[in-house]
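Q: What follows is each chain in one-letter form.
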Amino acid sequence: MAKKRPTNETAINREITIEQRETEGLSLGTIVRRRFLAHKAAISSLIVLALITLLAFTSVGVVIGGSGQLVTDVATSRLSVDGFRIPGWWQYNWYENYDILNPGGTPTFTLWPFNPGQHPFGQDTLGKDIFARVMRGIQQSLTVIALVGFLSTLIGVVVGAVSGYLRGWLDSLLMRFTDVIIIIPILVLGAVLGRTFGGNAWSLGLLLGLIAWTGLARLVRAEFLALREREFVDAARVAGASSFRIIFRHILPNSIGVIVVNATLLMSAAILIETSLSYLGFGIVSPDISLGQIISEYNEAFKTRPWLFWYPGLFIVLIALAINFVGDGLRDAFDPRQRRIPRTDGAIQDLKRIIARRRGER
Amino acid sequence: MLSFIVRRFAATIVVLIVASFLVYQLTAISGDPLEQLRVGGDQASLVRIAYLTDVLDLDVPPVFRYFLWLAGAAGCLVGQCDLGISVAKGEAEVTAVLSTAIGSTLQLITLATVLSILVGVAVGMTTALRQYSGYDYSVTFFAFVFYSLPIFWVAVLLKEFGAIRFNRFLEDPVLSNSTLALVSISLAALITGIAGGGLRTRVRVFIGALVLSGALLIALNVTAWLKYPSMGLVGVVLVSTLIAGVALLLSSGFGQRRAVLIVGGMALVTGMMWLPGQYLFFYLEGPLGILAIVSIMAGIGVLLAFVFGGDGKREIARPAGIVGGLSGLVLVVDEALQYWSQYLDLIPIKNGFVSTIGAVTPTIAREENMWLSLLDSYAHLLLPTAALMIISVAGYTRYARASLLEVMNQDYIRTARAKGLNERTVIVRHAFRNAMIPIATIIAFDISGLIGGAIITERVFAWQGMGALFNQGLNAVDVNLVMGFFLVTGLFAVLGNLVADLLYTSLDPRIRVN
Chain B
1016 MAKKRPTNET AINREITIEQ RETEGLSLGT IVRRRFLAHK AAISSLIVLA
1066 LITLLAFTSV GVVIGGSGQL VTDVATSRLS VDGFRIPGWW QYNWYENYDI
1116 LNPGGTPTFT LWPFNPGQHP FGQDTLGKDI FARVMRGIQQ SLTVIALVGF
1166 LSTLIGVVVG AVSGYLRGWL DSLLMRFTDV IIIIPILVLG AVLGRTFGGN
1216 AWSLGLLLGL IAWTGLARLV RAEFLALRER EFVDAARVAG ASSFRIIFRH
1266 ILPNSIGVIV VNATLLMSAA ILIETSLSYL GFGIVSPDIS LGQIISEYNE
1316 AFKTRPWLFW YPGLFIVLIA LAINFVGDGL RDAFDPRQRR IPRTDGAIQD
1366 LKRIIARRRG ER
Chain H
760 MLSFIVRRFA ATIVVLIVAS FLVYQLTAIS GDPLEQLRVG GDQASLVRIA
810 YLTDVLDLDV PPVFRYFLWL AGAAGCLVGQ CDLGISVAKG EAEVTAVLST
860 AIGSTLQLIT LATVLSILVG VAVGMTTALR QYSGYDYSVT FFAFVFYSLP
910 IFWVAVLLKE FGAIRFNRFL EDPVLSNSTL ALVSISLAAL ITGIAGGGLR
960 TRVRVFIGAL VLSGALLIAL NVTAWLKYPS MGLVGVVLVS TLIAGVALLL
1010 SSGFGQRRAV LIVGGMALVT GMMWLPGQYL FFYLEGPLGI LAIVSIMAGI
1060 GVLLAFVFGG DGKREIARPA GIVGGLSGLV LVVDEALQYW SQYLDLIPIK
1110 NGFVSTIGAV TPTIAREENM WLSLLDSYAH LLLPTAALMI ISVAGYTRYA
1160 RASLLEVMNQ DYIRTARAKG LNERTVIVRH AFRNAMIPIA TIIAFDISGL
1210 IGGAIITERV FAWQGMGALF NQGLNAVDVN LVMGFFLVTG LFAVLGNLVA
1260 DLLYTSLDPR IRVN
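Line by line, the protein sequences give chains B and H. Counting along the first sequence from 1, when you hit position 319 you're at 1334 in the working numbering, and nothing is skipped either side. Counting along the second sequence from 1, when you hit position 296 you're at 1055 in the working numbering, and nothing is skipped either side.
Don't read these hints as lab results, they were simulated from the structure. Treat the hints with caution; some may be incorrect.
[Stated by the list, open to error] Lysine-lysine pairs mimicking DSS-like chemistry, simulated, CA-CA at most 25 Å apart:
no., chain 1, residue 1, chain 2, residue 2
1, H, K918, H, K1109
2, H, K1072, H, K986
3, H, K1109, B, K1318
4, B, K1055, B, K1367
5, H, K986, H, K848
6, B, K1318, H, K918
On a predicted model such as this, the values are computed, not experimentally measured, just so you know.
When you get a sec, could you build the whole thing from the sequences and use the hints?
A: In structure tokens, the structure reads:
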């Protein structure tokens, strides 16, 4: 974001909420953007998400292409990952075993005095660095989230738009197809597909993206059914616009709120489904890593080595929570009925009144 | 209406068949069920391969094998179910395996579902009534956190902190002073948040709640209640008074003298029934005793209301009957708790009672005593129920809050207020009922999904239900078992959808089918 507009407004002006300033004649986009920027939880969640992404991808580096299998380098007899590897700034890998530093591999991280140490999140029994593993797991989980978000939004919007706008037999066919997918619990369908085609983040992300669009398709269809009867669609048709143009230029921008909000919620569901599948062993499987796979691998070790368990779980919660808050902020921003009217009753107002009275007496 | 149902049903049957075809093919190609035998390669394995190929029709391509399965499944319509045999379950009939698994899963999810709906709707609606208060914000925040929790992570944490550490704590169940203070202050803050009101009310409520909860916790400490829970006459009367208070708060308020006397009197009646109840449970063993005491108590409540109710007898009969029935349940709980020390002697865990795996303790099952089995189910259900609840309460809270907020902005609520109804009547009679319409449909839909949705919970807590079947079936590429699982979950989903639709049309007269 560029530098914020200098706020030299008066105190009274600052009190006025964005809704009350609607008379200024702002465009819908501007109102939505300002309302979203005013949503503190959503903005801080967005920042947290960006930081986590940055940390995960820069710390242990990335692997591009290749099969993702571990191979032993003949020259140095060290393990490496098949594919083009961009190293990160963290000195350890997620697949190599290192000497165990602390007894039992306990974390070296201390908050006060702040010191990450050699292995901040600890080590497992073989000496693998948990920080590197968790970072790699976050990368994979984020990849799945992005793929699911993109793919299922795309399919959901296209299916919903086509069946809502064209109606008729195509609508019935598409909606019955949606019913077929919806009736199979997503965890079941994901597990059955994941067992056959899954294994790494890309394949799992694609698979989940191909099955997670059903709810969005229904919502978009309902939105299109309502919007296609509106006058501006008639006007566009009279002006000679093609169906394609009406769908994508006229109706779609009007239903963007529903789409954006539900795509976000879909992404927060995606990380939970991915980790659950990996936990069951039907998602991302060893040697590849995901947050759920790490927890599954160290499941029995919780009593003796709780750090193997805390950190991946905390990051799952953090990511899912952040995405949920962003979704909530978007929903509030897009919903025209959301009106924040300052409260006039309640304990805090009472307290303010009492303080004001005291000051008045003095 | 009938034609609507028939048409809907026909469409969903087609959908179910196509979906089952999809699942069958995907499961069949997911692996080779004979893989381990092929690796063996010796004579016995070859014989076994030939046998399984014959029994499971593995020489038929999956696309056609599905229709063989479908023919067997279609037999269910005429009472001759043939879902094949399950290799993963020692060649048992899938139908037999399914019927035990369904029972087990229902046992697991019923309590969790009922409690989540009650808690979720109550919390959600109170947050809506206190919109934008500190209580609302904190509940919203925690709902988001719970909603973002992966259940397998929560379940493992619960196992450690809810079972192992809690059991260790129960060796010497004394809360430290700081815990005591912390718990009572947070309880008081919660109650103050729900009660709302101005500064003066809040301070009063806070102090009252603080004193009460502090006293309660100290009493728990002194009597070591957490280790040896019991109720006795005093406990029974106290709890039923509490129930009566809540019922009054929700129905008529404390202003109507008759209602207060009758509903409050039910607490006294419960106390009087305590001793006769002991004899009743002694002579009427089994579930019949429970049913008898609940219906007797509810009957007494309704009777009292009709005899002494005066003009408002019908309005009073309902809360009095409900309070009576619930107080009957309190008597049941009291009776079960009398077997507590006997139960502790019989179970293998020596210092606590919370169990982390399975559904029954074998030593208890051998006793064949209903009260001991009840306590045993409680000890086993505690953790999985908590895990399931944490996740689903969050969802219901959000739905209930949104739904009530929507309703509270409607014109008919303004009308109700304008004609002079008090706020309680407006909320309970007008707003609450309308807000429950969308929630009822969500509940119907959710319950249908739950039967197969406890896959992960079942795995963590080693519960032998539907989820475990699916897991085993998929791991062994046992198509018949997976299909049996899918058939049950699919049928439940179809039924749930249908019930949701019908509920919506029957609850909301504004909506017409067709």
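Q: So, for every hint listed, does it hold in this structure?
A: Quick rundown of the hints versus the structure:
1. K918/H to K1109/H: Holds: K918/H and K1109/H sit about 17 Å apart, inside 25 Å.
2. K1072/H to K986/H: violated (43 Å)
3. K1109/H to K1318/B: It holds: about 19 Å lies between the C-alpha atoms, which stays within 25 Å.
4. K1055/B to K1367/B: holds (24 Å)
5. K986/H to K848/H: violated (40 Å)
6. K1318/B to K918/H: Holds, at roughly 10 Å.
Violation of the numbered hints given earlier is confined to hints 2 and 5; the remaining hints are satisfied by the structure.
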